[in-house]
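Trainee: This is what each chain is made of:
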Amino acid sequence: MTYAPEVRERLETDAKEIIGRYPRPRSALLPLLHLVQSVDGYVSDDGQEFCAEMLGLSKAEVVGVATFYTMYKRRPAGDYNVGVCINTLCAVMGGDQIWAELSEHVGVGHDETTPDGKITLERLECNAACDFAPVMMVNWEFFDNQTPESAKQLADDLRAGKEVAPTRGPGRLCTFREASRVLAGFPDGLAADGPSAAGPSLEGLKIARANGWEAPKAEGSEK
Amino acid sequence: MTTLTPVLTDNWDVAGSFTLDGYGEYEAAKKALGMEPDAVIQAVKDSGLRGRGGAGFPTGMKWGFIPQGDGKAHYLVVNADESEPGTCKDIPLMMANPHSLVEGVIISSYAIRANHAFIYIRGEVLHVIRRVQAAVREAYEKGYLGADIFGSGYDLDLVVHSGAGAYICGEETALLDSLEGYRGQPRLKPPFPAVAGLYASPTVVNNVESIASVPSIIANGADWFAGMGTEKSKGFGIFSLSGHVTRPGQYEAPLGITLRELLDMAGGIREGHELKFWTPGGSSTPIFTAEHLDVPLDFESVGAKGSMLGTRALQIFDETTCVVRAVLRWTEFYAHESCGKCTPCREGTYWLKQVLKRLEKGQGSEEDLAAITDIADNILGRSFCALGDGATSPIHSSVKHFRDEYLKHFEIGGCPFDPAASTVWGSK
Ligand SMILES: Cc1cc2nc3c(=O)[nH]c(=O)nc-3n(C[C@H](O)[C@H](O)[C@H](O)COP(=O)(O)O)c2cc1C
Ligand code: SF4
Ligand code: FES
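Residue numbers (the working numbering), protein chains in the order written: chain H, 1 to 223; chain P, 1 to 428.
These aren't lab readings, by the way, just hints derived from the structure by calculation.
Every residue, glycine too, gets a C-beta built ideally from N, C-alpha and C.
Certain hints may be false.
What the hints assert, rightly or not - Pulled from the structure, derived: some chain P residues nowhere near chain H, Cβ distances all over 10 Å: (1) 34; (2) 38; (3) 124; (4) 146; (5) 190; (6) 221; (7) 232; (8) 263; (9) 304; (10) 319; (11) 377; (12) 400.
As the list claims (entries may be wrong) - Stretches of chain P that chain H covers, calculated by requiring three or more beta carbons in the stretch to come under 8 Å of a beta carbon on chain H: (13) 15 to 24; (14) 47 to 60; (15) 127 to 133; (16) 151 to 165; (17) 173 to 186; (18) 287 to 299; (19) 305 to 318.
Only chain H is shown next, with the shape it has when bound in the complex (with noise of 0.2 Å):
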């Protein structure tokens, strides 16, 4: 299988602008991959071609990089990647009952796509939100304070097609593609969606505003 006429247009069109962004091309090899992936929904043999031919680089070249990164998903994945934070802490604090209950709720294991093609799922190590334990990312938006419960329901709701939106983050969730689109580097207008920090993210401004307490005034400055 090769690219349709227009689609290879169309992604040389964004390659080109990925390459342009870099003093050097090969520096362009990770968006692009994310960007095949914004097409193809996984790193496809088409596109690891497509990106070897941009680049000047043998296919071997560039599969070996594919196949270092975890974000890079080598068969075909589900329009929602479900991450579950199973790194200790969040593990401790319920993220390993969740990851039990949701992968048999589900009926799929660690990166295993539902026959539906809704959903793949995913174990993930620590995704720096730790103070919203425990954690999980659907297309690498936050969900946080997740319970087996609303995993499960998250689940339900994503297979149903219903409208679901992170806890920090747009209104609304995107596809995988979409998701991997912006990571090539295309944004999609959504970055002023959501708010500017949320729950624990606060939690020390919020005291030290309680308290009065302010870094020292500099000398001569008004602030």
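Add chain P with the ligands to chain H, keeping to what the hints say.
Mentor: For chain P with the ligands alone, coordinates are given in the frame of chain H:
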């Protein structure tokens, strides 16, 4: 009593803090671009700012290593890979206040005479990437990035680059390989990035929080910054409390604050429970216990007590938590993330995982306990990069503080803890 000092977190409760309207006019960058680059470096040296990415290397000194007048391109690369277990400060910072980072990039790049800078963000944080992309775009539109910034004649291009999932890419030389489009594996040092970094050119790699702190130093002066913190660990930093605390979250405070003080502010350990063990700076820093509640959280004091300040990632575990389970899980992480380049780490983390699994199931023996210590001894100091060393921290420190708990597992032939009791909903 130490009090909180919101600087980087100060606008997080403002709607639209992530836009220029919510942030302000880049006054510090304007000021810096009117100074000599060397004077900017000197100010950062005088402030005493030390890297916020874990190792605490003096930032101004690092900048000073960049050769000048060498005719080569220089680069600034911001390390926004934040993946060390427990570390969760750069991500909310970039979500709420990305302009502090972009302004810091401008000042820092100017100081080291770089015309090209990169922010390498881990890929798994979509909304954070959106916010940083938007901030960079806004800065370009205002003329704060691009050609002839503030009419100073200085040009700077800034690229937001998304990673693709690999903890090792946080290691600065692996990050550079990754940014060049290769597998992210560490490079031999020397040469250090300051001499041969990105594309073999002089490069500064700094953590997000380090760079985001720079505008405040330029705006308020080196003395202002140095007036906070301790003798050798100056300034403020974001302390991230997670786990079994009443109010987990981000607490920005002078270096040298203690966990006791932070816990006081955070409402203490969750109700009805008590502190068992904690990491001062992420999973790669040896664990502490209740004995260490009053250790000042600065580089020297934490080091003197046998751990590391690291990234101020305070993961707190109460008495319901099995330390063997915690260590096994961290070890599985290191085994998974080991890049495979060197034998001690690749093989060692694999064997640690095997033996710990046995121990956790209560099928181990005293020899196994000796074995994990031995394996860890063989990784520590013999690995190619600090990931391997970090993998040994939970092992050595847990055996030191909780030897009895390991023994208990094979005495009773299983884990003495109920994992349900540690969960958020199990505490009730
Ligand atoms: C395995 C490993 C992972 C690391 N991850 C990060 C990271 O995510 N962010 C970071 O700033 N530094 C990380 N570091 C430290 C960097 O190598 C480097 O010291 C740091 O980016 C320098 O910036 P600083 O001086 O501003 O702290 C990591 C180091 C190792 C060994
Ligand atoms: S210590 Fe581990 S991560 Fe570092 S180079 Fe060796 S194998 Fe790779
Ligand atoms: S351990 Fe789950 S987000 Fe850090």
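Trainee: Evaluate each hint against the coordinates.
Mentor: Each hint tested on the structure:
1. 34: Given a closest Cβ separation of 18 Å, the condition holds.
2. 38: holds, 22 Å
3. 124: violated, 5 Å
4. 146: Fine: 13 Å to the nearest Cβ keeps residue 146 of chain P off the interface.
5. 190: holds, 23 Å
6. 221: violated, 6 Å
7. 232: holds, 19 Å
8. 263: Correct as stated: the minimum Cβ-Cβ distance to chain H is 12 Å, above 10 Å.
9. 304: The assertion about residue 304 of chain P holds, with a minimum of 26 Å to chain H.
10. 319: Fine: 12 Å to the nearest Cβ keeps residue 319 of chain P off the interface.
11. 377: holds, 23 Å
12. 400: holds, 18 Å
13. 15 to 24: Result for this restraint: holds, n = 6.
14. 47 to 60: violated (count 0)
15. 127 to 133: As far as the region 127 to 133 of chain P goes, the hint holds, because 5 residues have Cβ atoms under 8 Å from chain H.
16. 151 to 165: holds (count 7)
17. 173 to 186: holds (count 7)
18. 287 to 299: violated (count 0)
19. 305 to 318: holds (count 3)
Of the numbered hints stated above, those contradicted by the structure are hints 3, 6, 14 and 18, listed in ascending order.
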